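K.L.:
Residue-level listing of the chains:
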Amino acid sequence: MKNISYLVISVLFCINASASTGKVTELHSPAKENSSLSRLFTSAQGDVYLSWVESEEGKAQLFYSQLSDASWTKEKIIGSGDDWMLHWADFPSVLIDEQRVMAHYSQKSQAGKYSFDVKTVFSHDKGNNFSKAYTLNLEGVKGENGMVSLLPLEGGRSFATWLDSRTTAKEGGTGGMSLRGATFNSTGDIIKQWELDNRTCDCCSTDTAMTKQGPVVVYRDRSDTDIRDISIVRQVNGEWTAPVTIHNDGWQIKGCPMNGPAIDAKDNYVAVSWLTIKNDVPSINLKLSKNGGKTFGDLIEVVNGDINGRVDIEIIESGAVVVSWFASNPENTKLMLAKYSFSGKFIDKLVVAESKSLRRSGLPSITSHENQIYMSWTDIDTNKVKVAKITWDSAPSDIL
Amino acid sequence: MLKKCYIVLLGFAFASLLQASSHKNIPISEEKWKVVNFWAEWCAPCRKEIPELNQLAKNYSEKKLQVLGVNFDNLPSSETLDIATKMGVKFQMITTVQAEQLNLSYPIVLPTTYILSPDNKVIKKLIGEQTEQSLLEEFKRLNISL
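These protein sequences, in sequence, are chains A and B.
All residue numbers for the first sequence refer to my numbering, where the first residue is 1368 and numbers rise by one.
All residue numbers for the second sequence refer to my numbering, where the first residue is 55 and numbers rise by one.
A portion of the hints provided could be inaccurate.
[Unchecked claim] PhoX-like mimics (lysine-lysine), calculated; alpha carbons at most 20 Å apart, straight line:
hint	chain 1	residue 1	chain 2	residue 2
1	A	Lys1621	B	Lys179
2	A	Lys1621	B	Lys86
3	B	Lys179	A	Lys1645
4	A	Lys1645	B	Lys194
5	A	Lys1509	B	Lys140
6	B	Lys178	A	Lys1475
[Stated by the list, open to error] Facing chain A, according to a computed beta carbon distance under 7 Å, are these residues of chain B, among others:
hint	residue
7	Cys97
8	Pro105
9	Tyr114
10	Pro130
11	Ala138
12	Leu156
13	Tyr160
14	Ile162
15	Leu164
16	Pro165
17	Glu183
18	Gln187
It should be emphasised that the hints constitute simulated quantities derived from the structure, not laboratory data.
In this text the structure is predicted, and so the values were computed from the model without any measurement.
Virtual Cβ for every residue (Gly too), placed ideally from N, Cα, C.
Model the full structure from these sequences, guided by the hints.
P.N.:
Listed below in structure tokens is the structure:
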């Protein structure tokens, strides 16, 4: 076991023997043992945060910490429970905007059944005190609700999007999930909510980003014939557009793809990445938009073949786009990054970590500060969340 | 002396294998065709498949077929067995390590079901929800009589 840890660490520092100009530096992690389910995010103020879950003897605790220079502030606890639903693709998230903290977690709603509610909590003193928990989905309807993505809005408001089971439950558990969105005021009350799509994939995460025109949401859609391609909905002038397929992959599957799309936006520059499978060959795709996600450019295939997907994406300050994913074959699993210019030109590719057990490490997360990328994942061998910083020697050439 | 040690070690390994992996404490057959199903509790189509796979296991376990399940989340064996029991799984569970020993590639999507020959060669990979009928038809298409 130790050997594998050494392998990961040595890989962190030595793998860039190829032509990559990227440098990977492992940072001290604020998460303790038995930690997992981490997310990284950067606030509007440019501060980098990490959230994670520590679990022991059936009890889960949700923490967050802020990156300060090369170290982390003392962690703050958001909440805990022995009835949380924790799953590698559907787990708590935290959003911080100056003094305001909003977090979500899923709580089991029916003993012995696979049903859970999405709970949200709010703080106005940067996590020292939290509100009571609000239920995001329709209360009283037992089902699988989750895959939540959060976004801060102006004026202390927030936006959340999630997969909701209210129609699934009505159909006796055989129908599809719906995609919903809601805005909250600063005290956590729902101002307005919408059904954004009435039939989506059940088991793929959603993602959201803010464009100049308003929030956009990406998710894995589900047609009547179980085509599960990626769709986007956009809020324009306060109204939501109808779903638009980002690319006609035509992936038909009567099952769980377990791979949601990832989106990032800066002004009206939008980047979306996702996994699809054609003729049993998986690939990771990238599409770029310069008009807030209204239309996208040509398809860019980032990689195909031995991959597991589980993508994340960031547009860094220079305008370059960074995509992360798992590459996996029977012998090994690698945590990968690729960098593209916003015109779609490949810039760099590198390995962040490598070990056989990485395959079981859940969903890696990336965020950016200026032109640096931060990445977090669970190291299965040490049972602990790890964080690395990725920097590039040369200044990226493509400016927004 | 050395021979005795080997026998003790082999016995221990075999007992551990069964304890850790089997829902019904039956070893992986080397004489039967196998249906190996990767599943997870949170996967709705996986949950729908369970009664079908139970039925297949019940109807063909005395014949030339063994139905095996692998928990995708790679939970500890005791947790996997608890969940399997709660979900009404009646066929045998194996660990992801055993699945790797059968040369099964870890699936990207769920449910994924493999058909293996008696000597553990992958004959077919099936993606998505299966029924007893669909699996029997697959064996028929492959000219395999059970």
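K.L.:
Are Leu156/B and chain A close enough, Cβ to Cβ, to be under 7 Å, as the hint says?
P.N.:
Because about 11 Å separates Leu156/B from the closest Cβ in chain A, which is outside the 7 Å limit, the hint is violated.
K.L.:
Straight-line Cα separation of Lys1621/A and Lys86/B no greater than 20 Å?
P.N.:
Distance of about 28 Å is beyond 20 Å: violated.
K.L.:
For a C-alpha distance cap of 20 Å, please report whether Lys1509/A and Lys140/B respect it.
P.N.:
holds, 18 Å
K.L.:
Let's test the interface hint: is any C-beta of chain A closer than 7 Å to that of Pro165/B?
P.N.:
OK, holds: Pro165/B within 7 Å of chain A, min 6 Å.
K.L.:
Please check whether Gln187/B passes as an interface residue: C-beta within 7 Å of a C-beta belonging to chain A.
P.N.:
With a closest approach of 15 Å, the Gln187/B hint is violated.
K.L.:
Keeping to a limit of 20 Å between CA atoms, is the pair of Lys179/B and Lys1645/A held or broken?
P.N.:
Cα-Cα ~15 Å, so holds.
K.L.:
Would you check whether Tyr160/B satisfies its interface hint, that is, whether its CB is within less than 7 Å of any CB in chain A?
P.N.:
For Tyr160/B, the interface hint holds, since the closest Cβ of chain A sits about 6 Å away, which is under 7 Å.
K.L.:
So, as I understand it, the hint says Ala138/B touches chain A; can you test that by seeing if any CB pair is closer than 7 Å?
P.N.:
violated, 14 Å
K.L.:
Any CB of chain A closer than 7 Å to the CB of Leu164/B?
P.N.:
Hint on Leu164/B: holds, closest Cβ of chain A at ~4 Å, below 7 Å.
K.L.:
Against chain A, run the beta carbon of Glu183/B and see if the smallest gap drops under 7 Å.
P.N.:
Cβ of Glu183/B sits 5 Å from chain A, so the hint holds.
K.L.:
Could you grab the alpha-carbon distance between Lys1621/A and Lys179/B and see if it respects the 20 Å cut-off?
P.N.:
holds, 14 Å
K.L.:
Can you confirm whether the C-alpha distance between Lys1645/A and Lys194/B stays at or below 20 Å?
P.N.:
Distance of about 26 Å is beyond 20 Å: violated.
Comparing the model with each earlier hint shows violations of hints 2, 4, 6, 8, 9, 10, 11, 12, 18; every other hint is respected.
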